[in-house]
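In case you want the letters, here they are:
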Amino acid sequence: MDRKRVNGPELSVVPVEEHTEEKQILDSKERRLDGRGIDDIRPIFMKSGLISQANGSTYMEFGNAKVVCAVYGPRQMKKPSFTGKGVLNCEIKFATFSCKKRRAFQRDAQEKEFSQILVQALTPAVRLDLLPKSSIDVYVNVLENDGTSSTLAAAISAASVALADAGIEMYDQVAASSIAYVQNKILMDPSALEEESEDGSLVVSYMPSLNEITHILQNGNTESAIANKAVEQCIDACSKIYSVMSTVLLQSLDTSDK
Amino acid sequence: MPYLSQAERDYITEGVQSDLRADGRGRLDYRALVLETGIISQANGSARVRLGDGTDVLVGVKVEIDQVEPDADNVGKVVCNVECSPSASQQFEGHGADDLNNELTQALQRVLGGPQCGINFEKLCIIKGQQCWIVYIDAMILDYSGNVLDTIFMATKAALFNTRIPKTQIQDLGDGEFEFEVLDDVEDAERLDGIENIPIGVTLNKIGTGHIIDASPLEELCTEAKLTIAVNKDSQICGIQKGAEGGIEPGLMSEMIQTAKRIGQSLIQQLDQKLQDEEQQVDEKRLNGENIEKLGFFAMV
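Going line by line, the protein sequences match chains A and B.
When you line the first sequence up against UniProt numbering, it's residues 1 to 258, in that order.
When you line the second sequence up against UniProt numbering, it's residues 1 to 301, in that order.
Be careful, since some hints might not be right.
To be verified - Lysine-lysine pairs mimicking DSSO-like chemistry, simulated, CA-CA at most 30 Å apart:
1) K233(B) / K123(B)
2) K185(A) / K261(B)
3) K167(B) / K229(A)
4) K261(B) / K128(B)
5) K77(B) / K101(A)
6) K100(A) / K47(A)
7) K167(B) / K294(B)
8) K185(A) / K77(B)
9) K167(B) / K100(A)
10) K100(A) / K233(B)
11) K112(A) / K77(B)
12) K62(B) / K112(A)
13) K274(B) / K285(B)
14) K185(A) / K123(B)
15) K62(B) / K77(B)
16) K93(A) / K77(B)
17) K294(B) / K62(B)
18) K101(A) / K128(B)
19) K185(A) / K233(B)
20) K100(A) / K123(B)
21) K101(A) / K123(B)
22) K261(B) / K229(A)
23) K233(B) / K101(A)
24) K100(A) / K4(A)
Simulated from the structure, these hints should not be mistaken for lab results.
These numbers come from a predicted model, not from an experiment.
Turn these sequences into a full structure, and let the hints guide you.
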């Protein structure tokens, strides 16, 4: 025995672990933990034009998920070079305190990927052909993450409203929604808690007036029939979110007139 | 980034419309590919795929022992990384390939990092709550001629087929303590459990109103939107990701998913068959004491 150190007691017992009951995502009536049905999306709050310095901005709450988006531009590109079309730059950053695990200040691989997804989801809607030699910068800040896929969807919708708020010409608004596959069921707009027990997820961004999907990202394995159904459900939800987005834009016009 | 003139763009788009492409292929024809496994002796598994006359991907698999994650203490994991070698293209020099590397890495990790990968992650755990195997999949793009992601998926499936994990022997020290030993004998090494379920990716490029598979670099430049769909041998969908900067109508998208499923199935079947044939040949030669000759890098047939 090592006498130089403080040794532990000779006899020790295994700590008693409190038996935690596994939380059921769905109850017998197919109600979720927060009382929603499986097809319901969480309430949305959205307001545009809150950041005074930006050309366009939005703040969005999607359940507990909170996202701020600011758009700067169209402005001259930082590195002067000729491009026939404008360039859309997107940057998404999760605040260090936004997730269960602390995020680093530096952008990690997921944030870089989400930034790329944001560019791919928004580009089909923006008329970049009208803005040669200029760039549009979209900065998204996630203050609180309540389900990574639904937060990504919120970021896309918020960025779209912010672009419109900045007065940038677009073909249509891009609305995005997400689902989770849980025990062969499709849960609309999953929260962080529901995401922990998901088998897979799907994020769809969609332009309702043009009937065009601008981005799709699926994770986890499913039968293609279920995947098709999930895409349809996402498209329906996107149309609902779209009406909120339009209302917000109309409201912002009302206040700016006064 | 090379530019495409309007004339070239029209030529490709109209070609796709009439089901004829610049190299004589139809819309849904794949280029011929060269596949070889077990070409890197330092790795636990490796494979090289050369697609057509250009795209060359090398995948090396290394397994290492590490501590388990505290919130998942009975499983091992798979970590993917993709790197575009600057030798493949001028535009990959310096930080030029960062975005592409990240996109490809995340796409591969999303499909192979979760249960849809098919590998039995629990078998990768050596002692519950203590140590597990981590499978590092590193893909390197040595030459670029379009359709890299599909090539990476194929090379990865081949490399994992080729991977052997050393056997471990666990000793019970009593009091709930365990210790293990890694057996050095190569003959004892085991194949990963569940490799037959590993999905592959099929990328469809939407050009005009048609869609094509296995796009060449020029075709990729005029792609409006691309859709990568991961499918496994049971024709389940293991991942969908849209790329490039255009939209897709929902009707066309479900058509594309069906196409990808059909093509993915036949690709998996052919790939599995070839891998088994190759392994059989190597085993036979080894038994007879013959020299096993490999094609080596950059070889074309």
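Do the hints match the structure? See the list:
1. Proposed proximity of K233(B) and K123(B) is supported: the alpha carbons are some 21 Å apart, at most 30 Å.
2. Note on K185(A) and K261(B): the hinted pairing holds, with a Cα-Cα distance of about 22 Å set against a maximum of 30 Å.
3. Note on K167(B) and K229(A): the hinted pairing is violated, with a Cα-Cα distance of about 44 Å set against a maximum of 30 Å.
4. A C-alpha spacing of about 37 Å is found between K261(B) and K128(B), which places the hinted pair above 30 Å, so the restraint is violated.
5. Between K77(B) and K101(A) the CA atoms are separated by roughly 19 Å; this keeps the pair inside 30 Å, and the hint holds.
6. In summary, the hint linking K100(A) to K47(A) is supported, as the alpha carbons are separated by about 26 Å, within the 30 Å threshold.
7. Taking the CA atoms of K167(B) and K294(B), the gap is about 27 Å. The hint holds against a cut of 30 Å.
8. Simply put, K185(A) and K77(B) have alpha-carbon atoms about 26 Å apart, close enough for the 30 Å limit, and the pair holds.
9. Under the criterion of a C-alpha separation no larger than 30 Å, the hint pairing K167(B) with K100(A) is inconsistent with the structure, at around 36 Å.
10. In summary, the hint linking K100(A) to K233(B) is not supported, as the alpha carbons are separated by about 36 Å, beyond the 30 Å threshold.
11. Restraint check for K112(A) and K77(B): satisfied, since their Cα atoms lie roughly 22 Å apart, inside the 30 Å limit.
12. With a C-alpha separation of about 26 Å, the suggested pairing of K62(B) with K112(A) holds against the 30 Å cut-off.
13. In summary, the hint linking K274(B) to K285(B) is supported, as the alpha carbons are separated by about 17 Å, within the 30 Å threshold.
14. Proximity of K185(A) to K123(B) is assessed by CA-CA distance (about 28 Å); at most 30 Å being required, the pair is judged to hold.
15. For the hint linking K62(B) to K77(B), the alpha-carbon distance of about 12 Å falls within 30 Å, and the restraint holds.
16. The suggested pairing of K93(A) with K77(B) holds, with an alpha-carbon distance near 26 Å, which does not exceed 30 Å.
17. The hinted pair formed by K294(B) and K62(B) meets the criterion: a straight-line CA distance of about 20 Å does not exceed 30 Å.
18. For the hint pairing K101(A) with K128(B), the CA-to-CA distance comes to about 23 Å; that is within 30 Å, so the pair holds.
19. A hinted pair counts as satisfied when its Cα atoms are at most 30 Å apart, and K185(A) with K233(B) qualifies at roughly 23 Å.
20. Among the hinted pairs, K100(A) with K123(B) is consistent with the structure: their alpha-carbon atoms are about 28 Å apart, no more than 30 Å.
21. As the CA atoms of K101(A) and K123(B) are separated by approximately 27 Å, the hinted pair is consistent with the 30 Å bound.
22. Restraint check: the Cα-Cα separation between K261(B) and K229(A) comes to about 17 Å, which is no more than 30 Å; the hinted pair holds.
23. At roughly 36 Å between alpha-carbon atoms, K233(B) and K101(A) are farther apart than 30 Å, so this suggested pair is violated.
24. The hinted pair formed by K100(A) and K4(A) fails the criterion: a straight-line CA distance of about 40 Å is larger than 30 Å.
Of the numbered hints given earlier, the model fails hints 3, 4, 9, 10, 23, 24; all others are met.
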